[in-house]
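Engineer: Generate the whole structure from the sequences, applying the supplied hints.
From first to last, the protein sequence lines stand for chains P and E.
Counted from 1, the first sequence has number 2 at position 2 by this note's numbering; the numbering is strictly sequential.
Converting from the second sequence to this note's numbering requires adding 167 to each position, the first position being numbered 1.
Any given hint might turn out to be false.
To be verified - Taking lysine to any residue pairs in the SDA-like style, the calculated list, with each CA pair at most 20 Å apart, reads: (1) E/K814 x E/D514; (2) E/K518 x E/N868; (3) P/K124 x E/F739; (4) P/K50 x E/Q934.
Hints are computed from structural coordinates only; laboratory data are not their basis.
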Amino acid sequence: MPQFADKDACELLDADHIAVKHLFVDYARLATAGIATDDSGAQRTALAMKICDELTIHATIEEEIFYPALRQALPDTAEMLDEAVEEHQDAKELIADIRAIGTANASMDTLIAELNVVIEHHVKEERDDLFPKAKAEPKLDLVALGKELLSRQQQLHSQMEASPSEV
Amino acid sequence: MPKTSPPNKSTASKASARNKDSGPAQPPASGSADKAVAKAAEANDLVAGMPFNSTKSAEHGFANGLAPQVGATVAPASRLPTGSTLTEENTSEKVGSVAPEGVNATIEPLDRVRVDSSKQALTTNQGVKVADNQNSLKYGVRGPALLEDFILREKITHFDHERIPERIVHARGSGAHGFFECYDAATDLTKAAPFQKAGKTTPVFARFSTVAGERGSKDTARDVRGFAVKFYTDEGNWDLVGNNMPVFFIQDAMKFPDLVHAVKPEPHNQMPQAASAHDTFWDFVSLMPESTHMLMWQMSDRAIPRSYATMQGFGVHTFRMVNEEGTSVFVKFHWTPAAGTHSLVWDEAVKISGADPDYHRRDLWERIESGAYPEYELGVQVFTEEQAEEFSFDILDATKIVPEELVPIRPLGRMVLNRNPDNFFAETEQIAFCTAHIVPGLDFSNDPLLAGRHHSYIDTQISRLGGPNFHEIPINAPVAPVHNNQRDGLHRQAIPRGRVSYEPNSLAGGCPFQAGAAQGFVSVAASLSKQDEQGKVRAKPEKFADHYTQATLFFESQSPVEQDHIANAFRFELSKVTVPAIRQRTVAMLRNASEALAAKVGKGLGMLTMPEALPRAATEVATPEIMKSPALSLLHRPGDGSLAGRKVAILVAPGVEGDFVLSAQAALLEHGVVARIVGPHIGHIPTVSGDALDADASMENEPGFLFDALILADGAEAVAALSQDGHTMEFIRDQFRHCKPILCVGVARHLMRQAGLPISMDKSMAQGGTGLIVVDAGEGDGSLDAFMAAMQKHRHFGREMDPPLL
Numbered sequence: 001m002p003q004f005a006d007k008d009a010c011e012l013l014d015a016d017h018i019a020v021k022h023l024f025v026d027y028a029r030l031a032t033a034g035i036a037t038d039d040s041g042a043q044r045t046a047l048a049m050k051i052c053d054e055l056t057i058h059a060t061i062e063e064e065i066f067y068p069a070l071r072q073a074l075p076d077t078a079e080m081l082d083e084a085v086e087e088h089q090d091a092k093e094l095i096a097d098i099r100a101i102g103t104a105n106a107s108m109d110t111l112i113a114e115l116n117v118v119i120e121h122h123v124k125e126e127r128d129d130l131f132p133k134a135k136a137e138p139k140l141d142l143v144a145l146g147k148e149l150l151s152r153q154q155q156l157h158s159q160m161e162a163s164p165s166e167v
Numbered sequence: 168m169p170k171t172s173p174p175n176k177s178t179a180s181k182a183s184a185r186n187k188d189s190g191p192a193q194p195p196a197s198g199s200a201d202k203a204v205a206k207a208a209e210a211n212d213l214v215a216g217m218p219f220n221s222t223k224s225a226e227h228g229f230a231n232g233l234a235p236q237v238g239a240t241v242a243p244a245s246r247l248p249t250g251s252t253l254t255e256e257n258t259s260e261k262v263g264s265v266a267p268e269g270v271n272a273t274i275e276p277l278d279r280v281r282v283d284s285s286k287q288a289l290t291t292n293q294g295v296k297v298a299d300n301q302n303s304l305k306y307g308v309r310g311p312a313l314l315e316d317f318i319l320r321e322k323i324t325h326f327d328h329e330r331i332p333e334r335i336v337h338a339r340g341s342g343a344h345g346f347f348e349c350y351d352a353a354t355d356l357t358k359a360a361p362f363q364k365a366g367k368t369t370p371v372f373a374r375f376s377t378v379a380g381e382r383g384s385k386d387t388a389r390d391v392r393g394f395a396v397k398f399y400t401d402e403g404n405w406d407l408v409g410n411n412m413p414v415f416f417i418q419d420a421m422k423f424p425d426l427v428h429a430v431k432p433e434p435h436n437q438m439p440q441a442a443s444a445h446d447t448f449w450d451f452v453s454l455m456p457e458s459t460h461m462l463m464w465q466m467s468d469r470a471i472p473r474s475y476a477t478m479q480g481f482g483v484h485t486f487r488m489v490n491e492e493g494t495s496v497f498v499k500f501h502w503t504p505a506a507g508t509h510s511l512v513w514d515e516a517v518k519i520s521g522a523d524p525d526y527h528r529r530d531l532w533e534r535i536e537s538g539a540y541p542e543y544e545l546g547v548q549v550f551t552e553e554q555a556e557e558f559s560f561d562i563l564d565a566t567k568i569v570p571e572e573l574v575p576i577r578p579l580g581r582m583v584l585n586r587n588p589d590n591f592f593a594e595t596e597q598i599a600f601c602t603a604h605i606v607p608g609l610d611f612s613n614d615p616l617l618a619g620r621h622h623s624y625i626d627t628q629i630s631r632l633g634g635p636n637f638h639e640i641p642i643n644a645p646v647a648p649v650h651n652n653q654r655d656g657l658h659r660q661a662i663p664r665g666r667v668s669y670e671p672n673s674l675a676g677g678c679p680f681q682a683g684a685a686q687g688f689v690s691v692a693a694s695l696s697k698q699d700e701q702g703k704v705r706a707k708p709e710k711f712a713d714h715y716t717q718a719t720l721f722f723e724s725q726s727p728v729e730q731d732h733i734a735n736a737f738r739f740e741l742s743k744v745t746v747p748a749i750r751q752r753t754v755a756m757l758r759n760a761s762e763a764l765a766a767k768v769g770k771g772l773g774m775l776t777m778p779e780a781l782p783r784a785a786t787e788v789a790t791p792e793i794m795k796s797p798a799l800s801l802l803h804r805p806g807d808g809s810l811a812g813r814k815v816a817i818l819v820a821p822g823v824e825g826d827f828v829l830s831a832q833a834a835l836l837e838h839g840v841v842a843r844i845v846g847p848h849i850g851h852i853p854t855v856s857g858d859a860l861d862a863d864a865s866m867e868n869e870p871g872f873l874f875d876a877l878i879l880a881d882g883a884e885a886v887a888a889l890s891q892d893g894h895t896m897e898f899i900r901d902q903f904r905h906c907k908p909i910l911c912v913g914v915a916r917h918l919m920r921q922a923g924l925p926i927s928m929d930k931s932m933a934q935g936g937t938g939l940i941v942v943d944a945g946e947g948d949g950s951l952d953a954f955m956a957a958m959q960k961h962r963h964f965g966r967e968m969d970p971p972l973l
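Structural biologist: Following this line, the structure appears as structure tokens:
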């Protein structure tokens with residue numbers, strides 16, 4: 001199976017959705033298990049930070065590239081996109097709270113679960129409402145948009161690796 | 168008149184002792200060689216030994232009621248006066264001999280009624296050997312059948328009466344024998360027999376069931392599962408008649424027939440079978456807001472367990488335990504599966520119900536048959552009456568749990584189910600449970616639902632099992648001795664010796680005598696503080712009116728994936744409702760438990776505007792002690808990690824890498840995992856090396872969703888063959904959609920792509936932990952550990968999207 005095949009914009013964003021859901025599921029499994037393993041805390045902390053990083057980058061590329069392209073090609077999505085940006089804002093606040101806690105504990109478990117629910121809702125709206133509109137709109141070059149998203153995503157990843165707090 | 172000798176006293180005694188009515192003023196002298204005289208003499212001595220009822224005065228007053236005395240007895244001079252008949256000394260191969268003293272032989276182990284017909288000829292029920300079991304008796308080969316054919320008529324008549332009424336609820340069930348083993352003596356809590364000594368074992372029979380479906384209905388319906396255990400203790404039978412959910416829909420037995428009528432197939436057209444997704448159920452529950460908490464459980468994945476071995480059990484009601492000193496505490500019973508709590512997903516459950524309606528029955532049978540014995544730990548939450556009064560909820564309310572974070576579970580022992588029944592009807596169908604079957608050391612709370620259950624079980628068994636003697640059906644007979652004066656009735660098995668069937672008596676020396684407080688069951692003298700001031704009343708306690716706090720607790724305690732499944736289940740069930748107003752009212756009720764859930768369900772049902780929340784029965788409720796209880800999530804109990812009892816499909820076709828198939832099968836079997844070789848057809852499948860496999864299942868007869876995981880073996884020709892078989896894609900899609908592990912070796916990856924594995928999975932696969940293990944040729948064996956580690960996680964919900972990706 002070729003890894004990181006060329007994907008159009010929707011596929012690329014959905015790949016993020018699915019990947020971060022895996023992280024959320026792993027986190028919940030660790031946080032909920034009745035018999036905690038020794039390294040559960042460290043694993044949860046690492047997962048939480050990865051979730052925060054991934055979602056931050058995901059929100060950034062959506063806001064910088066995908067949403068503006070949709071606004072232009074599909075003016076009737078404006079309201080939906082405004083709502084999506086608001087949801088990003090909710091997520092960003094939760095991400096800030098999670099990062100502030102730093103090390104996994106019961107409060108972080110609760111916040112990650114809350115973030116999970118917010119993201120799940122956001123993803124469902126994108127998949128159910130936005131993506132079909134985007135895919136059906138001939139004016140949108142989703143392949144080119146995908147390349148643009150990928151390039152910015154990779155750039156942000158490199159930046160984050162260099163200095164995690166800057167992104 | 169000739170002179171005669173004086174009257175012989177002994178002759179007179181003989182004469183009078185031979186009459187069963189009227190008698191002389193004086194008893195005959197003892198020591199007579201005449202049996203009848205001796206019996207009359209000894210009977211008189213026996214009766215005279217009890218000149219009055221010495222315990223009569225102790226029947227009065229509260230203190231005596233708490234400590235009843237042992238009944239008075241007198242020992243007979245011999246067994247003569249207590250017998251039914253002098254002729255019991257005459258024996259035969261039918262009558263046997265004299266009843267052994269103090270024995271009720273109907274409680275002997277089941278061997279006494281087991282039947283094995285090896286080397287035996289066919290007979291009628293009267294034991295007449297049947298010469299011809301092929302033809303009825305006719306006058307001439309083409310002539311009329313004859314009424315005198317008793318063999319035909321007996322056979323047909325018995326056949327015509329083979330069925331008994333099925334249980335009104337819990338008709339669909341499966342059971343097994345096993346044992347309960349006590350960890351440590353719990354004598355501080357209880358004097359109940361199973362808990363008296365470390366290592367003590369008690370025989371048990373457990374029966375698991377669905378509630379709503381009929382006897383032949385599917386196992387994987389969305390439903391509560393019955394979890395009933397009969398403990399054959401040495402102080403009598405104790406039935407812990409529980410469910411796999413700790414709460415119930417209703418709070419009072421008065422509503423039980425209404426609930427069951429609502430959930431059963433609708434009466435006009437008898438649809439739908441084994442399903443709650445219909446108008447009458449949701450009409451009823453949305454008018455009964457106390458059901459909200461239970462609905463959360465019923466809509467959760469707990470209602471579609473993977474196996475009876477992977478679900479919890481609960482006593483539901485609050486019970487009491489009583490120790491030797493008479494101190495009583497409240498308890499809630501919990502069964503925790505060693506294999507962890509694991510469930511199906513809804514799409515899978517629906518498909519299984521078509522391909523294998525016996526899925527759970529088969530799973531239970533096969534686990535036991537293969538030595539992967541289902542095991543459960545029994546524990547209790549213990550709290551005092553004083554603690555209970557402080558709780559924010561009422562412990563008599565069957566719609567409430569006691570959160571484990573408030574009162575932890577104390578483990579008492581373990582149950583292992585290690586023997587399948589010999590005969591389903593004789594054992595699993597005829598077993599009769601009752602909540603009222605308890606033993607000394609246990610007692611009830613005043614839960615009004617429990618009180619109704621005490622009545623209902625026995626009542627239904629009288630008609631289901633054909634009379635009041637169902638306790639004598641072998642599976643129901645205790646191992647503890649049974650001696651009482653209950654007599655007669657349909658299908659009586661026991662043959663009581665003697666003429667006494669009442670107590671007190673002196674004619675049987677007072678036996679069987681009342682056991683008294685030291686040995687017998689004495690009810691806890693529970694005081695009801697408000698009873699006197701209130702009197703008879705039909706009403707509920709005030710705290711019963713809090714219908715939503717614990718529904719919220721349950722929902723908030725689930726992991727996000729579980730919350731999604733709950734919302735999806737409500738969406739599915741309510742979408743099946745045909746009356747929009749019922750749907751609206753249910754969503755209005757959910758708003759009181761969780762706005763987020765209600766919104767999600769409303770959206771899923773295409774509701775443009777949300778209904779107003781239902782008015783609450785209680786405007787003020789107590790602040791709950793616990794806001795979140797992780798123990799309520801299925802993820803809380805992943806289990807011991809054992810894979811025993813799981814099923815894996817290895818897809819094969821001609822040209823497959825057969826060596827890998829066999830080594831994978833062997834490696835999995837070492838962990839108790841049953842890997843089936845599944846081909847386009849069963850039987851001969853040539854391999855790439857020139858050997859052959861013998862497929863024991865086909866994609867047609869064992870569809871993919873019946874397996875816990877999938878292996879796609881390498882082999883160019885095999886993959887080419889599988890790629891042109893539509894079953895293959897369904898196999899893979901279902902495994903993917905149900906979030907199960909897939910191991911894919913070499914060129915088999917083409918099958919994944921052909922099945923439509925979305926390109927957007929690539930990032931997740933690079934990240935790892937997807938349960939999808941795609942390896943190059945030759946790396947299959949080296950990946951089996953990773954595959955089994957993925958199986959330990961049971962399901963990989965990271966790939967679960969709604970609607971599904973694939």
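Engineer: Is the straight-line distance between the alpha-carbon of E/K518 and that of E/N868 20 Å or less?
Structural biologist: Judged against 20 Å, a Cα distance of about 13 Å means the pair holds.
Engineer: Holds or violated: are the alpha carbons of P/K50 and E/Q934 at most 20 Å from each other?
Structural biologist: Between P/K50 and E/Q934 the Cα gap is close to 11 Å, so the pair holds against 20 Å.
Engineer: Given the hinted pair E/K814 and E/D514, is their alpha-carbon gap at most 20 Å?
Structural biologist: Holds, at roughly 18 Å.
Engineer: Is P/K124 within 20 Å of E/F739, Cα to Cα?
Structural biologist: holds (17 Å)
Consistency with the previously given hints is maintained throughout, with no hint failing.
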